[in-house]
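Taken in sequence, the protein lines are chains A and B.
Going by numbering that gives the first Met the number 0, the first sequence opens with residue 0, and the numbers climb by one from there.
Going by numbering that gives the first Met the number 0, the second sequence opens with residue 0, and the numbers climb by one from there.
Do not rely on the hints blindly, as some may be mistaken.
As the list claims (entries may be wrong) - Where chain A lies over chain B, by a calculated footprint (3+ residues, C-beta under 8 Å):
id: 1; segment: 40 to 49
id: 2; segment: 59 to 73
Said to hold, decoys possible - Calculated cross-link-like contacts (lysine-lysine; reagent style DSSO-like; alpha-carbon spacing at most 27 Å):
id: 3; chain 1: B; residue 1: Lys31; chain 2: B; residue 2: Lys146
id: 4; chain 1: B; residue 1: Lys123; chain 2: A; residue 2: Lys231
id: 5; chain 1: A; residue 1: Lys231; chain 2: A; residue 2: Lys267
id: 6; chain 1: A; residue 1: Lys231; chain 2: B; residue 2: Lys144
id: 7; chain 1: A; residue 1: Lys231; chain 2: B; residue 2: Lys146
id: 8; chain 1: A; residue 1: Lys209; chain 2: B; residue 2: Lys144
id: 9; chain 1: B; residue 1: Lys13; chain 2: B; residue 2: Lys31
id: 10; chain 1: A; residue 1: Lys209; chain 2: B; residue 2: Lys13
Unchecked claim - Restraint-style ranges between C-beta atoms, simulated for each label pair:
id: 11; chain 1: B; residue 1: Ala37; chain 2: A; residue 2: Thr63; range: 42 to 48 Å
id: 12; chain 1: A; residue 1: Arg76; chain 2: B; residue 2: Gly64; range: 37 to 43 Å
id: 13; chain 1: A; residue 1: Glu229; chain 2: B; residue 2: Asp113; range: 41 to 47 Å
id: 14; chain 1: A; residue 1: Pro204; chain 2: B; residue 2: Tyr68; range: 25 to 31 Å
id: 15; chain 1: A; residue 1: Phe135; chain 2: B; residue 2: Leu143; range: 39 to 45 Å
id: 16; chain 1: A; residue 1: Arg160; chain 2: B; residue 2: Ala37; range: 29 to 35 Å
id: 17; chain 1: A; residue 1: Gly183; chain 2: B; residue 2: Glu130; range: 34 to 40 Å
id: 18; chain 1: A; residue 1: Gln153; chain 2: B; residue 2: Lys162; range: 45 to 51 Å
To be clear, the hints were calculated from the coordinates, so they are not data collected in a lab.
Since this is a predicted model, take the numbers as computed values, not measurements.
Glycine included, C-beta positions come from ideal geometry on N, C-alpha and C.
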Amino acid sequence: MTGVDDREMKILGIETSCDETAAAVVKDGTEILSNVISSQVELHSRYGGIVPEVASRQHLLSITPIVQKALADAKVRPGDLSAIAVTYGPGLAGSLLVGVNFAKALALAWELPLIGVNHLEAHIYANWLGPDEPEFPAISLIVSGGHTELVLLQGHGIISRLGRTRDDAAGEAFDKVARALGLGYPGGPIIEKATQGITPTRRLPRAWIKGSDDFSFSGIKTAVVRLAEELKISSSTKPSQAVLDLAASFQQAVVDVLVTKTVAAANKRGVEQILLAGGVAANKLLRQTMVRNSPIPVLIPPPILCTDNAAMVACCGYFRFLHGKIENCDLDVVPGLSLGSSK
Amino acid sequence: MGPLQVTRTDKKVKPLQIVSNSPEQTRKIGMKLGELAASGDVILLVGPLGAGKTCLTQGIARGLGIHEYTASPSFVLVREYHQGKLPLYHIDLYRLDRVEEVAQLGLDDYLYGDGVCVVEWADKGSSVLPEEHLLIELQVVSPLKRKLSFMPKGTRYMKMLWKLKVMKQGDKK
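Next up, chain A with everything else stripped away, as it sits in the complex (with noise of 0.2 Å):
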């Protein structure tokens, strides 16, 4: 702990990387004093998926009324606080830029460090802030809307990536998915929520990569479109008994793949840990799964930490601060941004 202080340090978290904008404050970055999060899912939800344009728009009415409420909500001034950490990367140039920017005129204002953070790494961060301290060494499954990556961790910002997906991400095939099932968006929640109960008896592809890390999904989904084109799936009326057993077993097979490679790459390098992470992390199924298949500890945030929030940006921020990475005011966006590159 060189060059901090002994007083506690309360950390403010901006975070605008994709549809969310969110503001957050933490407590020695395991404490969460608010954690406000204003989604723009309704309003996305009609384009099936994000909009870069109408998210910065979004972003920009949002940002102070929820970094005042994040700072209300703590009961907090801006001279309680010991630094701004921001997410820089990775995520829409246009929305992260609303977050950097309003992050280094409030730092400048304030008089307080800057800290820049990667969205990726603030989703394993996450797990600081459940019950039980994560230890390293750790394997991180990273699965999100936009990304599934598997990573090593062998100590604070010491990340590197194992695998990741070759084509599809496993949120983004959820999407995808359940698209083409007629059963709308975000694909991840609504998939769960009709298959609750359903025994899957569909036979769908799973892509193995033996000898790698990286995952694929872009086979089964064109399988299970192939499959949707021939039950004639009409998104005005209810879905059938045969469109939920397809959903289910989609799910069903993502899921295998998902914790069998996670459970494999934990074995072979021997790590304490796995850490869930990312929005498809709050999938009950996937959760389940994991815990019973794992031979070591699964720890896993709370549904309202897995996806985009702040309270894992001001935590991340918090171990960078300890670590003395601070950022000047020439702090930019790195929309490409991925995990291991972090400066």
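Based on the hints, put chain B in the right spot on chain A.
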């Protein structure tokens, strides 16, 4: 509708058709296209979900010397790759329904830039995409088999296809 329709009824150009029997073959065709691609090229891809658009793009990336996997950009709309001999801009209009939404994206920097643009679901934005382009239609024939039809618009792309044909013939010998 826009220029894509015009291309398809252009009687002077008989579309080159190539049948692919596997994702790996589709990738190989893409790789040849990538090798032939030049700065400013625009390649438009049309075909249903699972027809192999991302797969073909992976090949194009490989042909450009990009060794990273080009994952589907449906979620983020645009992915940029800068480690090859030319920048690759992989654009996906899948989630958009109206042409105005495509026009609002601000894609012109990519489309009229110095890299190679590959646009998936190009039929959703035909009227706002460049008039000169190479249109590739992917059709699903059977679970593994795909038919690729190449429709060039502009001399640059006709030459490109001619070279592709020569390369294909070279393979057979």
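>> Please verify whether Lys209 (chain A) and Lys144 (chain B) have alpha carbons no more than 27 Å apart.
In response: holds (24 Å)
>> Holds or violated: the 25 to 31 Å window for the beta-carbon distance between Pro204 (chain A) and Tyr68 (chain B)?
In response: Hint violated: Cβ distance 19 Å, outside 25 to 31 Å.
>> Range first: 34 to 40 Å. Now tell me if the beta carbons of Gly183 (chain A) and Glu130 (chain B) are that far apart.
In response: holds (36 Å)
>> Tell me if the beta carbons of Glu229 (chain A) and Asp113 (chain B) are separated by a distance inside 41 to 47 Å.
In response: holds (45 Å)
>> Three residues or more, CB to CB closer than 8 Å: is that satisfied between the segment 40 to 49 of chain B and chain A?
In response: holds (count 3)
> Holds or violated: Lys13 (chain B) with Lys31 (chain B), Cα cutoff 27 Å?
Replying inline: holds (20 Å)
> Between Lys31 (chain B) and Lys146 (chain B), does the CA-CA distance stay at or below 27 Å?
Replying inline: holds (17 Å)
> Should the hint that Gln153 (chain A) and Lys162 (chain B) are 45 to 51 Å apart at their CB atoms be regarded as holding?
Replying inline: With Cβ atoms ~48 Å apart, the hint holds.
> Between Lys231 (chain A) and Lys146 (chain B), does the CA-CA distance stay at or below 27 Å?
Replying inline: holds (23 Å)
> Within the segment 59 to 73 of chain B, is the number of residues with a Cβ closer than 8 Å to a Cβ of chain A three or more?
Replying inline: holds (count 4)
> Given the hint that Lys209 (chain A) pairs with Lys13 (chain B), does the C-alpha gap stay at or below 27 Å?
Replying inline: violated (42 Å)
>> I want to verify a distance hint. Is the separation of the beta carbons of Ala37 (chain B) and Thr63 (chain A) within 42 to 48 Å?
In response: Holds - the Cβ-Cβ distance for Ala37 (chain B) and Thr63 (chain A), about 47 Å, lies within 42 to 48 Å.
Of the numbered hints stated above, those contradicted by the structure are hints 5, 10, 12, 14, listed in ascending order.
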